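Asks: Going down the list, the protein sequences come from chains Z and V. Residue numbering for the first sequence follows my numbering, starting at 1 and increasing by one per position. Residue numbering for the second sequence follows my numbering, starting at 1001 and increasing by one per position.
There may be inaccurate statements among the hints.
Calculated from the model, a selection of chain V residues having no Cβ within reach of chain Z, i.e. all distances over 12 Å [said to hold, decoys possible]:
no.: 1; residue: PHE1020
no.: 2; residue: ALA1023
no.: 3; residue: ALA1074
no.: 4; residue: THR1101
no.: 5; residue: ASP1115
no.: 6; residue: GLU1152
no.: 7; residue: GLY1169
no.: 8; residue: LYS1204
no.: 9; residue: GLY1205
List of simulated lysine to aspartate or glutamate pairs, EDC-like, C-alpha gap at most 20 Å [what the hints assert, rightly or not]:
no.: 10; chain 1: Z; residue 1: LYS85; chain 2: V; residue 2: GLU1147
no.: 11; chain 1: V; residue 1: LYS1099; chain 2: Z; residue 2: ASP421
no.: 12; chain 1: Z; residue 1: LYS158; chain 2: V; residue 2: ASP1123
no.: 13; chain 1: Z; residue 1: LYS248; chain 2: V; residue 2: GLU1006
Calculated directly from the structure, the hints in this document are not laboratory data. Predicted model only: the values in this text are computed from it and were never measured. Just so it is clear, CB atoms sit at the ideal spot from N, CA and C, and this is done for glycine as well.
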Amino acid sequence: MQKSIEYDYSIAKLFVFTTLLFGAIALLVGVVIAFQMAFPSLNYLASEYGTFGRLRPLHTNGVIYGFTLSGIWAGWYYFGQRVLKISYAEHPFLKFVGYAHFATYIVVMILAVITLLGGLTQSKEYAELIWPIDFLVVITWVLWGISLFGSMGVRREKTIYASLWYFIATFIGIATLYIFNNLSVPTYLISGVGSVWHSISLYSGTNDAMIQWWWGHNAVAFVFTTGIIGLIYYFLPKESGQPIFSYKLTLFSFWALMFVYIWAGGHHLIYSTTPDWVQTLGSVFSVILILPSWGTGINMLLTMRGQWHQLRESPIIKFMVLASTFYLFTTLEGPIQSIKSVNALAHFTDWIIGHVHDAALGWVGFMIIAGTYHMVPRIFKREIYSKKIIDAQFWVMTIGIILYFSSMWISGITQGMMWRDTDEYGVLSYQFIDTVLALIPYYIIRGIGGLMYLIGFVMFIYNILMTMTAGRLLEEEPKYATPMAS
Amino acid sequence: MFGWLERNPFFFSLAFVFVFSIAGLVEILPGFAKTARPLEGLRPYSVLETAGRQVYIEEGCYNCHSQLVRPFKAETDRYGPYSLSGEYAYDRPFLWGSKRTGPDLHRVGDNRSTDWHDYHMWDPTSVVPGSIMPAYKHLYKNNADFETAYAEAYTQKVVFAVPYDIEGGVKLGDIQMAKELFYQEAEKIVADMKNEQVKEAFQKGEIKKIVALIAYLNSLGQSRMAPKGE
C-alpha cells in the first residue's frame, strides 16, 4: 500500500472561483447580446460600450478564456497532483508558479475586459487582444507550461495519465498557433506617431485569413476539445468508479485527433478566395474528424456500460453523459456543415452559431460543471449542499440548450434558403432586411434558451457556494460517487 | 512505442509537435506567396479611409457584416462581383467576418452613397425599416484619429512595400502633407452629408469618426481596382 499524500488545493480553489465568476459574466453578456438581436434598443444600455459589436468579443473571450480555461486549470491544479502523485506542499516552487500563473491570468482578463469594451481590438476572432496584452498572455501560458512539465518532472507515477496527454496537446497547440496568429507590427514603433496600442498583422488578406482560421478553428480544438477531453478522462472514471472502456481506443483517438484536427481549419474558408485545394482538404479532413471524435465520445459512453443505473442515482454522471452525447452530436454536425454544398447554405448563418453552442453549452459547460461538482467536496471536505438543485439545474439547462440549438437550426437554414431564393425569372425573392425580420421570433426563443442556461448556472453557483460554507463536513474523502445531501 | 512515449513527456511532446505540424506545412506554406499578390491596379487605402477602417474595427462591425462575396449567383446578384484574393492584398488584418447578421459589405461602395450612410448610421431604421443595427451617434461626436491612421499607412508603405506615392496612385507624403490630403478628402464627404453637427465641426477643423468611416465604406467596391489619381 502506498502512503496517501496530502494534496494542496490552494491554487485549484482560485481557479474554481474564477470558473464561477467568469462563467456568470460571459453567460450574462451572451444573454444580453442574444436579446439585442431581437430588441435592438438593448444596444444602448451602456452608451457606445454596450453595442453588439463591442460585447460579442467580450462574450466569446469570456467563455473561451474566462470560463473554459478556468475550468481546465482548476482541473489541472486539482488532479494534476493526483495522477502524478505529487503535492504542491512538497514543491514550493511549483506552488509559486501556480500562484504566479493565476495572478498573470487575472491581470490579462481584467485588461481584456477594459480594452475590448474600449474598442481596442485586433478584430481577429478569439484573438482580439491587442499586442501588449499578447505578451502577458504568453507569460501566463509559459507559467502554465512550467507548472505542467515541472510537475511531470518530479512525478512519482511512471506513466503520464491520458488526461495529461490532452493537456500537453492544449499547451503546445495553443502556444504555437496563438503566437503565429498574433504576429504583428506595432505602427507606433515604425512611425513614431499615433496610438501605441495599434498594430497591423504581419500577414495580409487571404494569408491573414488562412492563419486566423488555422488559429480560430484550433482555439476550439485545443481549448474546447482537448482541454475538456482531459477533464472527462479523469472525472468520469473517478466519479463512476469505472475504468475507461478501452485503452486502445483512447490511444487511437488521441493520436488521430492530433493529426487530423489541425487540417480542418480550412473549412472556415470554403468558397472564399483561398486556393481551392485548401478548401477541399479542409472539407475532407473535417469529415474524417468524425472518427477520432466519435472514438473519444464512444469510449466515454462505453465506460458507463452496465452502469447505466448510475445515471438515475447521480446527477453528476448525468451531466457527464449528456456532455459526451453533445460531443458526439457536435462532432457530427460540424463535419456535415463542412461538406461544400451544405457549407454554401450554412456559412454566415445562425446555424453555425447553433453548432458552436451545442459544443460550448452542452459539451464544455456541462463537463466543467460536473468536474466542479466532483472537485469541490474533495477540496473543501464537505458534502454537496443539495442534490435537488443539481437535478433541477440539469433540466433547466438542458431545456435551455434544446431551445437554443433548435431555434438556431431553423433560423440558420431559413436564412440560408431565403438568401438564395429566386422567383421564376431568376430574380432574388427577398431583400436582405426581409431575411432579418423573418428570424426575430427565433432570436427570441434563442434568448430564452440562453436565459434558462444562465439561470441554471446561477443555481450552480449558489449550490457550490453553499457547499463551501454550509455543506456537511466529510470525515474522509469519498472514493468514487460524490456524496450529496438530498 | 506508445507506452514508452507515455513515460517520457519530452518525447511525447516532440511526437505531438511532429504530428501536429504536418498540416500547417502542407496547407499554409505553399500558397503563401501566391495568395498575397495584389490585383493589378489595386490602390491602397488613403489615410482617411484607413482611419475609417480603424473605426470599423473598433466598433466591431465585422461581427455582423462579412466582406466576402462568394461565387454564387444569389450573392453576385445581391452584392456585386464575387471577391478575388488579389483585392485583399493591402488588408491588414483581413475583415471577411464569419456571420452575416447584416448584408455583405465588400461592394457597398458601389451601391450606397455618402448621404445614405449618413442617415443609416444616425438611425438605421430611417433608411432600412425594421433594421436591428444599433445607431452609431457617438461617431458624430468623436474625432477621427489621424495620427494612428497615418502611422498605419506609413507602416504599410515602409514595412510591407505597399505602393503609396506612385504616379497616379494614392499619395501619402510626409505627415504634414498627409494631413492636408486628409482634410481635402474629408471635405468632399462632409459636403455630401446632411448632418449639421458634422458640418459645423468641420468648419472648426474637426473631422468626426463618421466621416472617416463613410470614406472607408465608399472605398469598398470595384473602384479600388482602378487607380483614382487626381
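Asks: If a hint holds in the structure, say so; if it doesn't, say that too.
Replies: Right, here's what the structure says about each hint:
1. PHE1020: Nearest chain Z Cβ is 6 Å from PHE1020 of chain V, so the label is violated.
2. ALA1023: violated, 4 Å
3. ALA1074: Since the minimum Cβ distance to chain Z is about 4 Å, ALA1074 of chain V lies within 12 Å and the statement is violated.
4. THR1101: Given a closest Cβ separation of 7 Å, the condition is violated.
5. ASP1115: Label holds. Min Cβ-Cβ 19 Å, cutoff 12 Å.
6. GLU1152: Label violated. Min Cβ-Cβ 5 Å, cutoff 12 Å.
7. GLY1169: holds, 17 Å
8. LYS1204: The claim holds: LYS1204 of chain V sits with its nearest Cβ about 22 Å from chain Z, beyond 12 Å.
9. GLY1205: Non-interface label stands for GLY1205 of chain V: nearest chain Z Cβ at 18 Å, farther than 12 Å.
10. Z:LYS85 x V:GLU1147: Judged against 20 Å, a Cα distance of about 57 Å means the pair is violated.
11. V:LYS1099 x Z:ASP421: Within the cut-off at roughly 19 Å; holds.
12. Z:LYS158 x V:ASP1123: This hinted pair is violated, its Cα atoms lying about 66 Å apart.
13. Z:LYS248 x V:GLU1006: Distance ~13 Å between LYS248 of chain Z and GLU1006 of chain V Cα, so the pair holds.
Checked against the numbered hints listed earlier, the structure breaks hints 1, 2, 3, 4, 6, 10, 12; every other hint is satisfied.
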